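**Q** Residue numbers (our numbering), protein chains in the order written: chain A, -8 to 466; chain B, 0 to 119; chain C, 2 to 420.
Note that these hints are calculated values from the structure, not bench results. It is possible that part of the hints are untrue.
[Stated by the list, open to error] Chain B stretches covered by chain C per the calculated footprint, using a threshold of three residues with CB under 8 Å from any CB of chain C:
(1) 6 to 13
(2) 16 to 30
(3) 56 to 66
All values reported here derive from a predicted model rather than from experimental measurement. We treat Cβ as the ideally placed atom computed from N, Cα and C, and that holds for glycine.
Chain by chain, the residues:
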Amino acid sequence: MKYDVAIIGAGVSGAAVARTLSRYNLKIALIDKEADVSFGTSKANSGIIHAGFHTGRKYLKSRLEIQGNLMFDELQRELGFPFRRCGVIVVAFEEEDLRHVQDLYRQGVDNGVIGIEICSRERILAVEPKLNPDVIGGLHAPNGGIIEPYRFVFSLVESARKNGVELHLNFRVKEAVRKSGYYEIIPERGQPVEAAYVINAAGIFADEISRIFRAESFKIIPRKGEEYLLDRMSPAFPNKVIFPVPSARSKGTLVIPTVEGTMMVGPTAVEIDDKEDTSTSSENLHMIFDFARRIVPSISQKDIITSFAGLRPALEGGDFYIDISEKAENFIQVAGIQSPGLTAAPAIGEYVKDLLKKLDCKLTEKKEYDPFIEKVIQMRDHTHFESDEIVRGNAVYGNIVCRCEKVSEGEIIEAVKRGHTTLDGVKFFTRTGMGRCQGGFCTYKAIRIIMRETGLTFDQVTKRGEGTEILKSHL
Amino acid sequence: MKKEYICIACPVGCHLVLEEKSKDDIKVTGNRCSRGESYAREEYSEPKRTVTATCSADNGRIPVKTNRPILKEHIDSLLKEIYSINIDTLVERGDVIIKNYADTGVDVVATGSSAGKIKS
Amino acid sequence: MKEYFFDCAVIGGGAAGMAAALEVEKSGFRAVIVERENTLGGILLQCIHNGFGLHEFKEELSGPEYAGNFSEMIYASGVKVFLESTVMEIGEAQGKIHELYCYSAVYGVFTVKAKSVILAMGCRERNRGNIGIPGTRPAGIMTAGLAQRLVNIDGYIPGKEIVIVGSGDIGLIMARRMTWSGCKVHAVIEIQPYPSGITRNIVQCLEDFSIPLYLSHIVSSINGKDRIESVDVTPLRDGIADEEKTFRIGCDTLLLSVGLVPENELSRKAGIRLNPQGSGPFVDSYLMTSRDGIFACGNVLHVHDLVDFVTKESRTAGANAVKYLKSALSARQYKVVSGSNVRYVVPQKFNFEDVSQFYLRSMIVKNDAQIEVKINNHLIKSVKQNHVQPSEMISVSLKKEELAKVTSVNDPELEISII
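In isolation and in its complexed conformation, chain A is listed as follows (with noise of 0.2 Å):
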């Protein structure tokens, strides 16, 4: 298969400049080596649209943060994925932070952070009332959000495919041969996929995915970050996503609400060397709840739902490398996006754009190109009465299968429709089994309508794709 562009890495970054791209007269591949988009790094994010104080401008993410804040409203407007400016905070307890919040609220009016203010103790707990009282002060950014991460990949992608972009999953690359002007990039399995322009976009992976295409040679380290998920019933939840001030001892756990009414406690930092090494340990809870504690009290052990982990790739000098490769032809870096990956995506897709115009690819507009999705059907978004309407309409939207988030068989019919057949996949795409039970009950009727819609006999339903099958034999 020929195509003008190969994105590798069907991440938020690579799904973003698919999308940003899509709308062009470009011939587009989306690749990812795992059973569906949005498996790696983007799916254990924090999901926080940052509000651009945190870093000074001479830094690009700082720069591509700024301007990707800002696109994210009328992104909503096209792709409807779940996104609330609810604004962020730091706190300060002590004296010293309070110089600290100074500096940051410097550094966000030099960026141009709309809103941005310094808040008075009595300020900061009118913002945020489930703060310790002990708090002094602190920065209140409203312009700061938080969203969904994977059903924002799911959705550029969704938007990509629907303006002819092409998504081949299950593709580990494994070579790539320079033939007159296009790679021929040929997966573990497979039919190879040519293109005359590729995007590395492989996040944790992009160092290798360099070395392949014989480009620049660096290294990502891995840093792990641990999070907990606490049940939408906890008294903690904030209005706010909470930070501490940054301290030399510790990077400091943040209180994050999830657009979806859960909460999350997280993350950590620790340098790791193994790639895939996402496990959990125990060590690091008491600490983390202990330091949340100090600064949300009612935060408590008893709501965990689940704790998982994700890898930033994190590159050395901790800023993002975006540019045309200068060893491998027509071969553009999209490397080292960690935080503020989610929020400095949608500039990143531009940005990529402009590099790719550096390059001489003929961008010149789609008059078909549609930036809008259909919305999907979300019964917990729903009045009794507008619910008895979509019933009445479809019947298969009252059965509730995931009862703690309120999920119904329509809504995994659509995700399986839309490309999600793991379990994983419906799961992120329709939260079933995301809460408090996670997927006690609903599992094996996920299972069930996924072989429906799908035709996999049992034992090919996964939980991510091959190798993780989730029954194995039949009586």
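Once you have looked at the hints, place chains B and C on chain A.
**A** Frame of chain A; chains B and C shown alone:
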């Protein structure tokens, strides 16, 4: 010959010791009541269990059980037999699925009905 | 939206819901059961093993038989049943009428309006997140109850090499079930120094198959990237993990049997006050919750270990709902508290006019224990119990005469202790 058992007659769970000196001289100790003694003797001479399983049926699976406890030595072969059956008629709770298994006098009966059979 | 009117609406068609609904219908009031699955019976249907009904039917039945007996009674009675219908919300009462919002692919979205409601939603399993087992997140990990459902109802086997965490009864029962399904169960790991399940299950589900039970051990890590490959098991010494003695057990499946929690999300959203100890609703001597006319029974109230007790308790709830409908619930309520070595007592109120039935759970393991009931330090009853342990529910009943001894006390408070 000495054997140890935990009594299941009640929640106390007495640790029973059964000693056989000869065929006619079997002694049970450790029991706090007479039920413990008879439990140990039965476990020693002819341990039996009620077996429950499911049979394949045209419309899902049918739960079954032995209508009385069966000697432990028969359990493996009985399970094989149960798993090899496919029920292609509608059955009702109580229907005999296997009659007098291996001349033990034990029947295997359905403990549930075929889908659609119960609603009246 | 369609509306249906009843005297009493029962949420859940398992053992509790069926017994409660029958009791209401028997007294001439109109009862309805709203059940989310396509069959009555609840979790009993997947409990195909024996051992149910010794009290209720004087014989040992399997779960489906026990459920079948009751569902036949339901269909022979006038109780209306909505299957495949999920109650999504208990709305605010309109006057004395409660509104249940129900969702169904069969009946659409509808409301059930009733003068009284009985909560009988049962319980759910605690999972990996609740107990925080560290390690990777591969396929092959599930709760014992989910595995039970997959094996016993659908005939699917999740894996062949099994390790079970937790020695609760479901875990033990599943150890035997997996063995009888051709799997190898390598170990059962229990954090407590004593088994959580009953002795009979230890003997017949583990010892019969020589399955090792590791008491005072924890799973300290789950290993394997795609599919689980092994677990690390660490002994506890004085409650602290003795990491040097950690050993590894290979497996392709890990089943979790680490406790049950009453499922009270609906109750909580309805503003019903819950007891943080055990997380069931607070109920008075009539098993009525903090909301007028809403009763609770069975595992949604507190987790039982015998279905026979669920049935008994649910009949009481049904009978009290009838009295409520007749405006005959009038006795003054007094406080019940958990004394020494008692984790909780249900109900949390008593009165002087009826026979009182209490269920409690011990926090200790002991032979020859004494259950003491006191009202403001006056001993009114003492019952000998051969053996107490946390996994065996204790039942104590008080006759009116026994209570009559202390009617003159000011502000009576009843305390139950295990000595």
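**Q** If a hint holds in the structure, say so; if it does not, say that too.
**A** Here is what the structure says about each hint:
1. 6 to 13: holds (count 6)
2. 16 to 30: Coverage by chain C is violated here, the residue count being 0 at a Cβ distance below 8 Å.
3. 56 to 66: holds (count 4)
Hint 2 from the earlier list is the only one contradicted by this structure; the remaining hints agree with it.
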